Every structure is written in structure tokens, then in C-alpha cells.
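Chains as they are written, first to last, in the numbering used here: chain A, 1 to 431; chain B, 432 to 677.
Among the chain B residues that face chain A by a calculated CB cut under 7 Å, a handful are: (1) Glu467; (2) Arg468; (3) Ala471; (4) Ala474; (5) Asp475; (6) Val478; (7) Pro618; (8) Ala621; (9) Ala624.
Please keep in mind that the hints were generated in silico from the structure rather than gathered at the bench. Since we're looking at a predicted model, the values are computed, not measured. Where is the CB? At the ideal position from N, CA and C, for every residue including glycine.
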Amino acid sequence: MAVAGTSWGRYPRARQDIVPLHWRDAPLPTVDGSMLAYGNGRSYGDVCLNDGGTLLHTRGLDRYLAFDPVSGVLRCEAGALFADILDFVVPRGWFLPVTPGTRFVSVGGAIANDVHGKNHHGAGTFGEHLLRFELLRSDGTRIECSPTKNVDLYTATIAGLGLTGLVVWAEFRLLRIAGPWMTQETRRFASLGEFFALSAQSERDYAYTVAWIDCAASGGAFGRGLFFRANHAPATTAARASRQRRLVVPFTPPFSLINSFSLRAFNELYFRRAREGHAIVCYEPYFYPLDAVGEWNRIYGPRGFLQYQCVVPSAAAEAAVSELLKRIAAAGSGSFLAVLKVFGDRPPAGILSFARAGTTLALDFPNHGAATFSLLDRLDDIVAAAGGAVYPAKDARLSGTRFRQYFPRWQQMLAHIDPKFSSGFWRRVME
Amino acid sequence: MKRVLIIGATSAIAEATARIFAARGDALFLVARNAERLQAIKADLDVRGAVRTAIATLDVADFTAHRAIVDRAERELGGLDTVLIAHGTLSDQRECEGSIDALRREFDVNALSTMAILTMLANTFETRKAGMLAVISSVAGDRGRQSNYAYAATKAAVTAFLSGLRQRLAKSGVDVLTIKPGFVDTPMTANIANKGALWAKPDMVAAGIVRAIDKRRSVVYLPWFWAPIMLVIKHIPESIFKKLKL
Ligand SMILES: Cc1cc2nc3c(=O)[nH]c(=O)nc-3n(C[C@H](O)[C@H](O)[C@H](O)COP(=O)(O)OP(=O)(O)OC[C@H]3O[C@@H](n4cnc5c(N)ncnc54)[C@H](O)[C@@H]3O)c2cc1C
Ligand SMILES: NC(=O)c1ccc[n+]([C@@H]2O[C@H](COP(=O)([O-])OP(=O)(O)OC[C@H]3O[C@@H](n4cnc5c(N)ncnc54)[C@H](OP(=O)(O)O)[C@@H]3O)[C@@H](O)[C@H]2O)c1
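One chain only, chain B, in its complex shape (with noise of 0.2 Å):
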């Protein structure tokens, strides 16, 4: 049995994640804003097998809140094993070239709120020499792209950072995981309309996630594809890249 924090448990790839965990027999601490969700989540948690499910509602765009939800995640559960954080939004490219305002807010939401809550998280499970965090970051912040820079950007940020988590913990035994997936037909692409090869069904991201915690992996791109793919698009030289309409 693992105790699992989940933060932005109502997400498609989250969700999925945690009907594994559950189908395990793992306690399981759920978060995000929306209670009546996260309400429905934990039925069907507690039904798949989870021995115990609790819930609290977070905006993580406030800051001041984070101490109390991982303080009482780790009261409800006697302690974290495992850290999932998911939550994000699919940046309006369009709105953050217009409006810095914009563009904070999603640094907010998509890249300080994750590194202020790992940055708790990473000294008391630094002290207790034990435990995996893993975080959904995404392929878009290994390069960025007129399309979307802007969430590009926030992901990029917190690839960098979990890089240097990892480095940190590494001596204390304490696993970090990038998760960088690909496409993934989930609420928040909902609005693109053709949805080619490249897409995933939450399901299998949520298998890979599963499978890269448990064999304590650094790294995984999920689907498995996105690794040589983005192994190109990163190598592509500035002079040639700068002219590409990707």
C-alpha cells in the first residue's frame, strides 16, 4: 500500500493514474478546485478498491494555501509515498502575446504553484530519505514554438527545475520523475478537432506514468515515441527552425 498525493486529480491523465492506484489497494489524498469532481473521482476510486480516498479543494494560484492541503494530506494519509502533481492549463498563445497579465498567470498555475509545492515536499521527503516525486510536464517545454511558447515556456521551467530536484535528492535517496507526454485527447485539448496517429488516450499515459514510478525511472516520454521525435525537433539548428511553421 503507497500513500499518494495527488494535485490537479480531477485531470483526464490524473484520473486515469489514480484508477491504477486504486485497483493496488493505495490511500490516496485527491486535490484540486472543483469539490463536486473530485467528489465523483472518489466514488469511483473507493468502489475500484483504493483502501482509502480523502479530498480537499485547492486553487494553486494561491500560494498562501499550499502549506495547509500538504500538511493535512500528510496527517490524513500517516505520511506521502508518492506525489503526483497534474495540474496545468493549455496556455492561450494568442492571449499571452497580448497581455502580461496572462502570461503570469499561467507561469502561476503551470510553473511556480508545481515548484513552491515541490519545494515543501522536497525537504520534508528530503529528511525522510524516501519517497517519488513525479510531475507531468509536457514535450512542448523542450522546445518552444511560435504556437504555444508560452506554455512551452512554463514547462520548460519546470523540466529545468525538476533537473535540479532530482540532482538534489538523488543523495537521499528520494526519486523525481519528469513526465513528458505527447498528445493526449483529454478535456484540455478537447477543442482540436482532428485528432491524428500521434494522440493518446489518458489510459495508456496513465499506464506509462505507473510503470516509469515503479521502476523509479527519471525521464519518460509517453508515449515512448515522443523521445525520438523530440530528439530531432531539438537538434533542428535556430537558422532552420526560425523558418519552420510548426
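Okay, chain A solo, but in the shape it has when bound (with noise of 0.2 Å):
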């Protein structure tokens, strides 16, 4: 029977019937209609929901297979998230290649939209660290791809938003570390001119590197913001142990508590209390900040949030960052979360991997409805414009014109794609 499913932007919604996965043996099952894999719904659009048809969920699937010590090689099931898996590793001495700023992410989900993070400009994506996946398709097959097997399917289903068919294990390598700190540095910046600045003196010595802007900033304090850089601490540091503690909040308010003015209050006084300096942090905070607070999605109100991340490319970089914020500003819209980063340039590992050579922006909106959707359209000029594109992972409204601009590359995923297999977005932007 259908229920209801959101992804975390909790727009759209979406009905459609559920299949828990558990047995990596076991068959597809038989639907009428499509289907589609759903990892941990920490995508915020619709990539990975499937209006009127069939979700098969894959939490159930989470066991390893096999992990070797020295080598760091880890395989395991393509639901493991990556809060298990780091729960595991990390006391071993390894770190996840490469994380997105949640921690709460299937394995499956990293491989489908080809996750990046703060170490993009050394490491690059997900993708580029795996060795193998099984890949089950509706007929029944199931194929082993490697970067030497089966080729051309590894890298449509890296980054290939589930289409491909269901990932069903994986296996990459991880990253030798030798413990959970982490050296942080933290360092303000009064334009854009300086972000980029430092950005560029800190790439070749900081393994991470990402920035806060204050997107609510206008006149003199316009792009300012904080620095971060940080790289995993060697083994002689003394710090005591903390885990992070983790706030929930238990319900949706009636209405969105992000407004101009909260937005405004807040950003000042992170900007102004923010620490310049260096510290010695866990992991946990360092990485993943927003996972202290559970179901933090539920500020924004019954009617959700749209996420806007794109990335333009270098040489257009701060005109177009610098166009982007002046239009958000002017709107009066945006949130606290506002993210800046250096994407480093790197051969894509899929076909459709956002990640690539320039300046990536994120932030949220609370959906004010039409407003937001004409806002969003209006960046869009201005990404398209500058050669640039959108992230499907955080995307609900992206028009199939804008897509195919931004993903030129599209028409190589068509004869790859399983033909019981689709989504919200692919229906959505392939109109």
C-alpha cells in the first residue's frame, strides 16, 4: 500500500508503495510500475523518491563482507550508513575517504549522487574511491563493475541518481588516520576577494578546507564570512574524548522559525562570536555540526525547505558567487546555512557527477512558494550563464531545459539506465 515519503527538504511529497530490503540474495521484487532505491532520504529533493511507484528501502541491507586491517579495503552492503561505519573504522585507525557534512548517509546514497566534501580539492568524490559494487538490475542480473569491469555501467551508477539499477554491496578504500581529532583552524574573511585568497593559500596544506558566508550581508560587511580549514590531527595529540551530544527536535512548528530577521540576528552574531585561531576538535563536530541537532529539518515548518547548491566554474568564480549573494540579499531569503568551497579539478568519476573545477554555494530556503520557486529560477540565469550547474542531490525544482545545460553529458546515461527503474527527478527533468 502507499504511504507517504519526503526526502529531508520535506518538499515534495511523494506516495508510494515500500519495500524494506533485507537479503543481498534475494531477488528485485515484482512491481507493476517503477522502482528506485532509498538509502537514509538525506537528499533533499526528489532524487530519491518515486511518486506512484515503488521505493525499495535498503537500510536492511547493512552487513560487511570484508574489511582488511592493513590495507583499510572495507565491503559491505549498500545500505550501511556512514555513521556505523565510521563507528567501526574510526577505533581502527581509518576515516571515510571522502563525507558529506552528514554523517547519517547510506553507502548506496554516497554512490547515487557521487556525495563530495570538504576535501574535494585533494580527494575528489565518493566515486573515485571505489573499487567494486554489484549492480542488481530488474532482469534478474546481477554485474560486478569495476574501474576495469564492466566500465561503462560503473560509471553511469556513480553519480547515476539510482537509475542504474540497485547497488547491492560495495567496496573502497578508507583513509589511514591516526585518531578522531582533528587541527582546526578558523579565520575570518571581509570579501570575497579574501576568500578566495585564502582558499588558495590553503589548498596544498589543509586536507579540508570549506567557509561560512554570511548571505545576509549587505553593503561594507557584503561577503564576508568565516574560514575553515582543518586536517586530521597526528597520533601525539593530547585531547580528551567527547562524543557529541545530540538535541532532537520533536515537532514540526506551524510555521517556518527562519525569517529575514532571525536570519539577520543570527548571522551577525555567529559572524561576531565566531573564534579566530586554531583548535583541536573530534571529528564528529568538525564534520558533521548539523547532525547534533536530529530532525533539524523540522524548523522550517510544514511547508519544507528547498536547498540551492551549484557550482560555476573558476574563471567565473567570484563574479558570479559575488551576483548570486547580491540577488539572495536582495530577496531578503536565504538561511544561516550558507556554504562556500573550492572544488578542485579532477576528471569526474560518473557520468553525471555534480562535483567539478570551480566555486560551490550552498544554502537553504524555507518555501515561501511561488516566491522562492521565481528566486531560484532567476539563479539559475545566473549559474547557466556563468557555465555552471545544480546539485540533483539537493534539488526539487530544477526545469529539464536547465538540467540537460548543466549535465551535457546526459544522453550517455540513457542506454544504461534499467528500464523498471526511475524517480521524481529523472520523470521531472527528462519531460
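Can you join these two chains into the complex? Each is in its own frame, and there are hints to help.
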């Protein structure tokens, strides 16, 4: 029976049949209509939704198949969560090669969106660390894909938005670490120019770089923000262990708690109170500050919110980011969570990989209906003119025309899509 | 290091429990019908740190096969410290109303097989004067309801059996734990569409099982709030209960 399902942005809503998967030897269910794998629903829009069809819940596929503590190669079922993998590997001296800003994503979801993290400039996307995986197709075939075997399907499945079939298990290489600690440095910057200078000078010596930008600032404060750069700490670091404390937003308030007033006040406070300088922190608060507040997506109220994450090529980056920020500030919209990062220049792992050379900007918008949608369309005009792209993992409203512009190799996907697999996102952008 | 035998090891609750044992470095002997699934669980538990895992297939309805399996577990692990009995089927109430064969099958799988295995184990544990017999019954066994009284009766039988066995073995220092989960989101309950606030995840229930085993408890409701709920349900007078929709 169809049940309502949502993604992280709580928009759009979809109804679909849920089939929980538990065993990797089991065949796919026979269904009327289409199906789609659903990992942990941490995508914001509809890449993980399939209105009117079936969702295959993969969280029951969370077993390890093999782990080599010497080489750091891990093989696990695709529903395993990064959070659980970290709990297992960090005490053994290993870390995920790439991690997004939440640890509550599944391995399958990380593959299907080819996720990136704060180390993109040095380590690329998650797909670059994938050694092989098994793909189960609706005709019952199981295909092992790797950089040397079934290469076409391998590159179509990485960033393949779940359309090529079900990833059953995957094998990837972990990163050696001395311990759970990070050495972090925080620097204020007063303008976009300063951000780009800091970024360029940090790339070589810091594995992780990212910035928070005050998207509500105007006039002299325009372009101000905080730059965070970090490395895994060496073994000698003396620090006390403290696990992240977790709070939960207990219910959805009847309206969004984020408005232009609360935003301005919050950003001002955050910028002023930030402590510049060095600190040693545990990896959890460093990588996953938002995970400290469970179900924080509820603060945007019952209409949900939209995230907009784009990338603009390096040459046009400063001008385009500045134009985007001005447009957002003028609309009095946007949110506290505005993130800026310079990606590295690396060949993409998948046909539809989002991360590419340039600068990425990500921020949330409370859903105010038509006003929000038309603002995002205007942002698309800027991104498209700069030759950039928008991230499908965060999207719920992109037009087909824009999608095809942003991902010019989209036609190469068509031959690899499983005929029984589809998603709300894909139907929308193929219209 | 504990030596643990798990019957129904492919159950979602049992598997989650086995992961906790494995992470502690226990030795495990896993029993269920499906060999491939046992193999998948074994590989996972080996990665998680079990010092040793062995598997064996058994249909618990085949009573003649029980002895050999228990003996093999004893042999392969060099004795047993803890046994977790977790196998079960959620009986189809309507089918059991129409077919005595179906009703008997449910009793064989859910109740009699468990009692048979416990009878064997109780005797060896009693002479050894140590060990823990932990068995998954259910809150359903606390009171029969029209929607599932066949299943409830099998679990009530198990609960009563365990209560008596516990008294008998207490003198020998052998612990008997009755585990009563409420609604748990597992393959057994996959057909139930709308899972409300009372539903628990297998790993939460597993953590509760391990805690109860460690503390040598006698009866545990999981999650805990089922204890007061069932207290109320048990005390509703029949004259009222028979009119309820429950
Ligand atoms: C707070 C927060 C911060 C984030 N930060 C970042 C970030 O820094 N960088 C970044 O790249 N992303 C980021 N994201 C987005 C997130 O990493 C991606 O959306 C990720 O794909 C979510 O994984 P999931 O397991 O929840 O997958 P879902 O959202 O459930 O699904 C995502 C896609 O994966 C497919 N899929 C899932 N499992 C399988 C499978 N087994 N086989 C085939 N296809 C499958 C689905 O069909 C869908 O297309 C963030 C999200 C949040 C909520
Ligand atoms: N889920 C709930 O809401 C809930 C609530 C209260 C109590 N319980 C009890 O908890 C226990 C575990 O249930 P679960 O929810 O984890 O269910 P599950 O995942 O469906 O597991 C049931 C297990 O029983 C095994 N089994 C069934 N028939 C068998 C047979 N004839 N021989 C051997 N093994 C058999 C199955 O293994 P194979 O198929 O591999 O043989 C499977 O491992 C059961 O006793 C159940 O009654 C569950």
C-alpha cells in the first residue's frame, strides 16, 4: 500500500509503495510501475522519491562482507550508514575517504549522488575511491562493476541517481588516520576576494577547507564570512574524548522559524562570536555540526524548505558568486546555512557527477511558494550564464532545460538506465 | 569471551543482538534454516570482531534434529555460556481459525520446538551449574486478543514454561531470561504499513536484550514502556475486554 514519504527538505511529498530489503541474495520484487532504491532519505528533493511507484528501502542491507585492517579496504552492503562505518573504523585507525556534511547517509546514496566533502580539492568525490560494486538489475542479472570491469555501467552508476539498478554491495578504500582528532583553524574574511585568496593559499597544506558566508550581509559587510581549514591530527595530539551530544527538534512548528529577521540576527551573532585561531576538535563536531540537532529540517515548518547548491567554473567564480549573493540578499531570503567551497580540478567519476572545477555555494531557503521558486529560477539564470551546474541531490525544482544544460553528457546515461527504475527527479527533468 | 548459541540467528532481532556479542569478541554458533543468509551474517560478524563463528542449518519443526545441532554447538565452541532462542513466525490468525494443521504448525515452531530445545539445554546447564538461557517470547503472550490469539497462545506457553524453568534452575545458578518485545520493525512485521510511535528498531531491542543478559534479569519488556502498558491490558476485566476492538 502506498505511504507518504519525504526527503530531507520535506518537499515535495510523494506517495509510494515501500518494500524493505534485508538480504543481498534476494531478487528484486516484481512491481507494477517503477521502482527506486531509497537509502536514508538525506537527499533534499526528489532524487530519492518515486511518486506513484515503489521505493526499495535499503537500510536492512547493512552487513559487512570483508574488511582488511592492513590495507583499509572495506566491502559492505549498500544500506550501511556512514555513521555506523565510522563507529567501526575510526577506533581501528581508518576514516572515510570522502564524507558529506552529515554522517547519516548510506553507501548506496553516497555512490548514487557521487557525494563530495570538504576535501574535494585533494580527494575528489566518493566515487573516486570505489573499487567495485555489485549492481542488481530488474531482469535479475547481477553485474560486478569496477574501473576495469563493466566500466560503462560503473561510470553510469556513480552519480547515477539510482537509475541504473540497485547497488547491492560496494567496496572502497579508507583513509589512514592516527586518531579521531582534527586540528582546525578558523579565519574571518571580510570579502569574497579574501575568501578566494585564503582558499588558494590553504589548498596545499590543508586536507579540508570550507567557508561559511553571511548571505544576509550587505554594504560594507557584503561577502564576509568564516574560513575553516583542517587536517587529521597526528598521533601525538593530546585531547580529551567527548562524543557529540544530540538534541532533537521534537515536532514541526506550524510556521518556519527562519525569516529575514531571525536570519540577520543569527548571522551577525555567529560572525562576531566566532573565535579565530587554532583548535583541536573531535571529527564528529568538525564534520557533522548539523548532526548534533536531530531532525533540524523541521524548523522550516510544514511547507519544508529547498536547498540550492550550485557550482560555477573558476574563471567566472568570483563574479558569479557575488551576483548570486546579491540576488539572495535583495530577496531577503536565504538561511543561516550558507556554505562556500572551492572544488579541485579533477576528472569526474560518473557521467552525471556534480562536483567539478570551480566554486560551490550551498544554502537553504524556506519554502514560500512561488516567490521562492522564482528566486531559484533567477539564480539558475546566473549559474547557467556562468557555465555552472546545480546539484541534483539537493534539488526539487530544476527544469529539464536547465538540467540538460548543466549535465551535457546526460544522453550517455540513457543506454544504462534500468527500464524498471525511475524517480520523481528523473521524470521531471526528462519532460 | 562468551560462547553463544543462537537459534533463529537470521531473525532481525537476533542478528542485531549477535552484532553486539561479536563486537565484544564472543564466539558464536548460528542456527536457522537459510544457509546463504547465515553465511552473510557470519561474514559480517567475523568483520565485527567475533573470535569465532560457526553456522548450521536446522528447521526447528524437525524435532529429531535438535540433539545433533546442540551437541555440535557444544563441541565447536567447547561448551556454551549463553543461549538465545529467537526463531518464530507471526501466525496467520485467520488461517489458524480455519485449519487445525496450521494451528499445530504454529505451536510446533513457536512453542514446542523452543520447549524441546530448552529441555535438552536445561539438563546440561543444570549439571554445569552456570549459564544463561535467554528466550524471545512476546508481549502478545500476556493476553490473547481476537486479532492474534493463536500466536499469543504459543508465546503464552513459552512464557509460562520459562517461568517454571527459571524457578527450577535458580538453585543451580542458571539464569533464564524471558524477553518480551513489543512491536519491532522486522521482516516478520513488514506487511504492517503504518508503523506508529510504539514501534522499535531491532538494534534498540538488541541493546536491551544484551543489557538484560548482562544484569541476569528474569523478565524484560522491550522497550521498557511495554511493562506498564501490558500491566494495564492484563488487568482489564474480561467483561470489558471481550467488547474491545484491540
Ligand atoms: C545536512 C546534510 C548535509 C549534506 N552535505 C553534503 C555534502 O557536503 N556533500 C554532498 O555531496 N552531499 C551532501 N548532502 C547530501 C547527501 O549526501 C546526499 O543526498 C546522499 O546521497 C544521501 O544519501 P542517502 O543514503 O540518504 O540516500 P537517499 O537520499 O535515500 O538517496 C539518494 C540517491 O541514491 C540512490 N540510492 C540509494 N541507495 C541506493 C542503492 N543501494 N543503489 C542504487 N541507488 C541508491 C537513490 O535512488 C537516490 O537517487 C547533505 C545532506 C544533508 C541532509
Ligand atoms: N517483530 C516483532 O514485532 C516481534 C514482537 C515480539 C516478539 N517477536 C519475536 O521475536 C523473535 C524474532 O523475530 P523477528 O521479528 O526478528 O523476526 P524475523 O526477522 O522474521 O525472524 C524470524 C526467524 O525465525 C526463523 N525461523 C522461522 N521458522 C523457523 C523454523 N521452522 N526453523 C528454524 N528457524 C525458523 C527464521 O529463520 P530462517 O527463515 O532462516 O529459518 C528467522 O530467522 C520471534 O520469536 C518473534 O516471535 C517479534
